[in-house]
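Novice: One letter stands for each residue in the lines below.
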Amino acid sequence: MAERPLTDRLDETVDAIVRREDATGALRDLELAPFARVAADLRHYPRPAFKTRLRAQLERRTTMTAISTTTAVREGFTTVTPYIRVGDAGLVDFLAQVFDAQETFSGRGSGGGMHREVRIGDSMVMIGEGGTAAGGVMPIRPVTFHVFVKDVDATFERAIAAGATSLGEPADRHYGERSGFVSDPLGNHWYIATALGQQSLASALRTVTPVLRLKGAAEHLEFLKRALGAVEEMRAAEPSGALRYGRIRVGDAAIELGEGDPMPGSFMLYVADPDAMYQRAVAAGATSIMPLSDQPYGRVGGVQDAVGNQWFFSRPTPAMS
Amino acid sequence: MTQTTEDDRLLIEAAQADPARFLELYERYVNRIYTFVSRRTENRAAAEDITSQVFERALGAVGRFEWRGLPVSVWLFRIASNALADHWRERSRNADEPAPDVPDPREIEDIDRRIALYQEVERLPDVQRQVILMRFVEEKSIREVAAALNRSEGAVKQLQLRALETLRKSMGGHG
Numbered sequence: 001m002a003e004r005p006l007t008d009r010l011d012e013t014v015d016a017i018v019r020r021e022d023a024t025g026a027l028r029d030l031e032l033a034p035f036a037r038v039a040a041d042l043r044h045y046p047r048p049a050f051k052t053r054l055r056a057q058l059e060r061r062t063t064m065t066a067i068s069t070t071t072a073v074r075e076g077f078t079t080v081t082p083y084i085r086v087g088d089a090g091l092v093d094f095l096a097q098v099f100d101a102q103e104t105f106s107g108r109g110s111g112g113g114m115h116r117e118v119r120i121g122d123s124m125v126m127i128g129e130g131g132t133a134a135g136g137v138m139p140i141r142p143v144t145f146h147v148f149v150k151d152v153d154a155t156f157e158r159a160i161a162a163g164a165t166s167l168g169e170p171a172d173r174h175y176g177e178r179s180g181f182v183s184d185p186l187g188n189h190w191y192i193a194t195a196l197g198q199q200s201l202a203s204a205l206r207t208v209t210p211v212l213r214l215k216g217a218a219e220h221l222e223f224l225k226r227a228l229g230a231v232e233e234m235r236a237a238e239p240s241g242a243l244r245y246g247r248i249r250v251g252d253a254a255i256e257l258g259e260g261d262p263m264p265g266s267f268m269l270y271v272a273d274p275d276a277m278y279q280r281a282v283a284a285g286a287t288s289i290m291p292l293s294d295q296p297y298g299r300v301g302g303v304q305d306a307v308g309n310q311w312f313f314s315r316p317t318p319a320m321s
Numbered sequence: 322m323t324q325t326t327e328d329d330r331l332l333i334e335a336a337q338a339d340p341a342r343f344l345e346l347y348e349r350y351v352n353r354i355y356t357f358v359s360r361r362t363e364n365r366a367a368a369e370d371i372t373s374q375v376f377e378r379a380l381g382a383v384g385r386f387e388w389r390g391l392p393v394s395v396w397l398f399r400i401a402s403n404a405l406a407d408h409w410r411e412r413s414r415n416a417d418e419p420a421p422d423v424p425d426p427r428e429i430e431d432i433d434r435r436i437a438l439y440q441e442v443e444r445l446p447d448v449q450r451q452v453i454l455m456r457f458v459e460e461k462s463i464r465e466v467a468a469a470l471n472r473s474e475g476a477v478k479q480l481q482l483r484a485l486e487t488l489r490k491s492m493g494g495h496g
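Each protein sequence line maps, in turn, to chains A and B. Take the first sequence: its position 278, counting from 1, is numbered 278 in our numbering, and each next residue is one higher. Counting from 1 along the second sequence, just add 321 to a position and that's the residue number in our numbering.
Mixed in with the good hints there might be a few duds.
To be verified - Selected chain B positions facing chain A (in silico; Cβ < 10 Å):
no., residue
1, LEU331
2, LEU332
3, ILE333
4, PHE343
5, PHE386
6, HIS408
7, ILE429
8, GLU430
9, ARG434
10, ARG435
11, TYR439
12, GLU443
13, ASP447
14, VAL448
15, GLN449
16, SER462
As the list claims (entries may be wrong) - If you want the ones that stay clear, here's a sample from chain B, every Cβ over 12 Å from chain A, calculated:
no., residue
17, ASN352
18, ARG410
19, SER413
Derived from the structure by calculation, the hints contain no laboratory data. Source: prediction; values computed, not measured. Ideal placement from N, C-alpha and C gives every residue a C-beta, glycine not left out.
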């Protein structure tokens with residue numbers, strides 16, 4: 001039988017290698033064997049896109065790691081601190097009565113109002129009262145928080161006694177917590193919860209976690225990954241595809257998201273490189289609302305995303321740290 | 322201390338000071354880790370998945386890495402061994418699946434030879450490289466490749482032979 005051309009024999013061998021079939025017969029063909037060995041080594045030749053994709057993935061994570069560089073974060077704070085802007089005083093008292101919040105700082109802000117900082121459990125919240133804080137860019141609007149307490153029923157009662165309106169009586173929830181919902185006198189929503197068991201979200205959260213309710217939450221979660229280097233930790237979708245619950249982590253801080261009537265928030269992010277973060281957010285589609293500048297408390301710049309959340313990037317001065 | 326070890330030490334210190342510098346470690350070792358892993362996995366998707374896990378884990382742990390004078394590759398190979406063991410345990414549901422050893426010098430040599438081969442593929446003339454990618458990565462048949470390149474099947478077989486011949490020669494004839 002006349003020997004078939006080398007091109008055909010080689011092609012059969014390549015077919016066998018790619019299909020993970022036995023191709024060792026090729027090694028007995030002296031003419032074919034050297035090619036078969038090269039072909040066998042090519043079986044795992046990496047997809048050209050793979051390394052680029054993995055590099056981009058790692059780059060996003062390194063950015064996330066970079067923003068959480070502890071030297072950039074003020075003592076006692078985490079990477080992300082929610083900033084509640086209110087028209088009137090009274091929120092600090094409400095938080096003290098209901099959650100035993102302690103005011104750790106208060107001073108006149110650059111916009112003429114009061115800048116206050118309170119600690120609730122292991123979490124910090126900033127409050128801007130009146131004035132035109134942050135150069136007048138930060139709007140007065142209510143925001144939403146998920147807060148873990150020892151006894152949800154007692155805390156819920158204290159909240160109502162302090163002037164809050166019930167949005168839902170405490171009840172055992174299928175997601176591992178007993179929780180009740182209130183709106184404080186200034187309109188902020190508090191999801192008050194006590195963990196019920198291992199399934200609770202509490203283990204992944206601090207005392208107070210901001211919740212972003214918005215339209216198109218699933219798409220927005222993707223935006224936050226691009227803009228902030230946020231890492232997606234959890235995603236539960238409705239059958240319709242809408243985001244029922246999502247959780248991202250920015251540096252060492254978590255933010256929860258869900259589809260709902262929009263209640264965007266404002267946030268202070270302590271980062272090692274505010275310029276890089278600001279530019280990254282703008283490149284991802286955010287709009288600048290506060291160009292980067294050096295302030296007495298540190299370098300800061302701010303952006304607003306398409307659904308109205310505001311993100312201020314700051315590297316505090318050593319005195320502030 | 323060898324130059325490689327000294328370079329490793331500097332790379333680790335840089336990554337610990339600035340996580341963005343971890344990407345330099347990644348660039349330096351991704352081919353070795355991928356190749357090590359791909360020899361022990363059933364397909365390309367599994368090799369890519371495990372390689373991703375290795376670098377994700379390494380990035381998470383680099384801050385705690387304590388320099389003991391061993392090459393960084395040993396640390397990464399250990400992470401890869403554990404990730405492979407996890408992979409096989411999951412597939413076999415066998416909790417006793419041992420982690421594979423980190424590669425010995427002979428295997429390292431073989432890994433480096435494959436990496437050199439992969440780099441040679443990058444240097445092939447365009448059309449030959451396309452044939453290699455379509456045949457080995459996209460796993461297309463000769464007929465599909467011929468249709469994609471608008472050439473006859475015979476011509477594609479010739480291109481395939483020439484590409485492998487070029488690679489064989491560039492690898493010193495013992496590929």
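Novice: Holds or violated: B/ILE429 as interface residue toward chain A, Cβ cutoff 10 Å?
Specialist: violated (15 Å)
Novice: With a cut-off of 10 Å, does the beta carbon of B/LEU332 approach a beta carbon of chain A closely enough for the hint to hold?
Specialist: violated (14 Å)
Novice: Is the Cβ of B/SER413 farther than 12 Å from every Cβ of chain A?
Specialist: Holds, since 18 Å exceeds 12 Å.
Novice: Closer than 10 Å between Cβ atoms is the bar; does B/ASP447 clear it against chain A? Give me holds or violated.
Specialist: B/ASP447 check fails; min Cβ-Cβ to chain A is 13 Å, beyond 10 Å.
Novice: So, B/PHE343 near chain A? Judge it on the closest CB pair being under 10 Å.
Specialist: holds (6 Å)
Novice: Should the interface hint for B/GLN449 be scored as holding, given a Cβ-Cβ cut-off of 10 Å against chain A?
Specialist: At about 12 Å, which exceeds the 10 Å cut-off, the nearest Cβ of chain A leaves the hint on B/GLN449 violated.
Novice: Against chain A, run the beta carbon of B/SER462 and see if the smallest gap drops under 10 Å.
Specialist: holds (7 Å)
Novice: Tell me if the interface restraint on B/GLU443 is satisfied: Cβ within less than 10 Å of some Cβ in chain A.
Specialist: Where the cut-off is 10 Å and the nearest Cβ of chain A is about 9 Å from B/GLU443, the hint holds.
Novice: Do the numbers back the hint for B/PHE386, that is, is its least Cβ distance to chain A under 10 Å?
Specialist: This interface hint is violated because 14 Å lies over the 10 Å limit.
Novice: Holds or violated: is the Cβ of B/GLU430 closer than 10 Å to a Cβ in chain A?
Specialist: Given a least distance of 13 Å, the restraint on B/GLU430 is violated.
Novice: How about B/ILE333: closest beta carbon in chain A under 10 Å, or not?
Specialist: Hint on B/ILE333: violated, closest Cβ of chain A at ~14 Å, above 10 Å.
Novice: When the nearest CB of chain A is found for B/ARG435, is that gap smaller than 10 Å?
Specialist: B/ARG435 check passes; min Cβ-Cβ to chain A is 5 Å, inside 10 Å.
When the structure is compared with the earlier hints, violations turn up for hints 1, 2, 3, 5, 6, 7, 8, 13, 14, 15 and 17 and for no others.
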